[in-house]
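Visitor: Now for the letters of each chain:
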Amino acid sequence: METIEGRVGGLEIKVLVANRGEIACRILRACKEAGHPTVAICAPNDDGSLFTELADEVVLLSGDSIAETYLNQQQILAAASKTGATAVHPGFGFLSERADFATAVSEAGLVWIGPSASAIEKMGDKMTARQTMRAAGVPVIPGEEVDGDGEGALATLRQAAERVGYPLLLKASSGGGGKGMRAVHEPGEFDQAAAGARREAIAAFGDGRIYIERLLSGSKHVEIQVLADQHGRTIHLGERECSVQRRHQKVFEEAPGPTMTPELREAMGQAAVAAAQAVDYVGAGTVEFLLAPSGEFFFLEMNTRIQVEHPVTELVTGVDIVREQLRIAAGEPMSCGPLMIRGHAIEVRLYAEDAANGFLPSIGPLAVFRPPEGPGIRLDTGVREGDEVTPNYDPMLAKLIVWAPSRGEALEKMRRALDEFVVLGTTTNIEFLRDLCDAVPVVDGSTTTTTIDDLWPSGWNPPHDLMLEEAALLAAASAETMGLHRRNATGDSSGTAQGPPSPFTTLQRRYP
Amino acid sequence: MQHVFASNDGPIEVALVKDGEAYTLEGHSVTKHSHGRLRLLLRNGRTCLAHVAKVDDTWWVHLNGRTFRWERVEPGSSSASDEGGLVAPMPGKVLEVHVNEGDVVEAGEPLMVLEAMKMEHRIVASEAGKVTAVHFGVGEQVAQGATLLEIEEAS
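Chains as they are written, first to last, in our numbering: chain A, 55 to 566; chain B, 2 to 156.
These are computed hints drawn from the structure, not numbers from a lab. A few of these clues could be false.
To be verified - Here are a few chain A residues that face chain B, going by a calculated C-beta distance under 8 Å:
1) L414
2) V476
3) L478
4) R488
5) M521
6) E534
7) M536
8) G537
Claimed, not checked - In the EDC-like style, the derived pairs of lysine to aspartate or glutamate whose C-alpha atoms are separated by at most 16 Å in a straight line are:
9) B/K33 with A/E534
10) B/K55 with A/E439
11) B/K19 with A/E534
12) B/K131 with B/E110
13) B/K131 with B/E153
14) B/K55 with A/E442
15) A/K86 with A/E111
Don't be surprised by glycine CBs; every beta carbon is placed ideally from N, CA and C.
Pulled out of the complex, with its shape left as it was, chain A reads as follows (with noise of 0.2 Å):
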């Protein structure tokens, strides 16, 4: 008798991604690896783009908005019946964290590729979530969740915020991403701050419930990552510190975290799984924490989904979170053995934005997209050369990732990626992010939650380099002057007229 290994007992799945971009090409990349078949939906305005040459099958949906296509429930069950897929992956964002579309998932006969609905609705309200957290002994930041979501529960909420006390953050129940979220540092900006916080929040989620946390300046976003089986095993694959975060919006993420000890590691780790097992947690799930200067560590929230920065987790500790996905939702044991972290990883978030002018997204043709090589390099990105960056989506580029022996040589190894990085036609935060491993507490590992407004407190410019910009306008002219502009696709700028003829021509003459 024969098994394939690595699934032993497990179910044969064809897997529908209900995602696009970058996901989508890690998830359909994983499948691939493991041998199942995999089919990709994509809207009409994604048509062509990276993730859907990696699928087996394309399913093209209708519509125009993200409503009509990636959150489209029906129409994504539909796909995946036409097709004839057996489980469905919903990867990061758009239906990932929604228990209902689990639910109708696995009512429709499929295997859900994640948590059950009822730990994705445990913990995706985010009031529902500190209570369970509570009362399982894992430590909240303190504060208060205020009922109902009326016009008359911003005085309610305006009585609670003076009882929590002021710095303060207001949080949709229902949020994620930084949105719906805002700080208030003063009673006089909490009525435009509740009112802007529940706009954002009904419009994202359709529940402008809000509630409130005490604000803890001076802390580090610390998160473990969890996995659990259908076998009964919980287990944490350590911290990763994603402190560096621009209006709650993660883009620097490293691990293991600069200041971790090994006995925190445990405690936060083993708060981590009681977490999640008082959800009864299946798959691969992230619990964050707050961790104040004083060393204590708070709950803030769990993420029932794979992360963005879940590949910084996979460098240090060797686990294919992806694959390990797969394997328990085919309802095999975990191939992950105990903890074991070496060397040092960081990721940066490469998005389409302008960090010199209040890092507002742009768009544009990649006319060039050339990533970094070499080893210790990993990109995950969904675009290649060639594509249009559209304000249709998530402005997020692409992921780089580094791997070295030590922190410091990790760094290392993402200035010089960074530096190497050439992306002309769009806007992109590059030269922000170079600058960012430049910044003291980023190189001392003293980064906070604050760490970007605290260095740039009315905003980033790039340093000037009177020299360089010469430099660039003598390119600028020179490449005019030589006509680089008329290029053709293989980059040459004068075609095939100079040097010797390719002997592919030659042999097409051969064989016409």
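Dock chain B against chain A, hints included.
Guide: Chain B alone, transformed into the frame defined by chain A:
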């Protein structure tokens, strides 16, 4: 070999000097390299490769880890200046309009809120003045660069 590029301080005229295979400017020199790249010899004696690409009228140049943009001004063209106009920094939807025509605003006062890429962006008055036109209402889609409102600066 005269080219004009736009800058914040007005147009810059660049007169290239041809020196054999190379072009020179301000002590830097450049020659053509493979795959559409340029080899630069900087005046400090260092060399580097520059990647270049032209998108519309703008030359994008990457060298030494830095990316520069130089917009070429075609001879005879005049750049349209929208004095006092506030333009949309990105394509999006108007969420809120805080002012009406004729309103007097202070510098820093919020004028409009746009939504793009699922985030809110506030348009604020950079100078004190009087609103002379409001071109978009709540719910309308705006293109990048569209003039949203016009303000006459207070004298």
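Visitor: Could you work out which of the previously given hints the structure breaks and list their numbers from low to high?
Guide: 8
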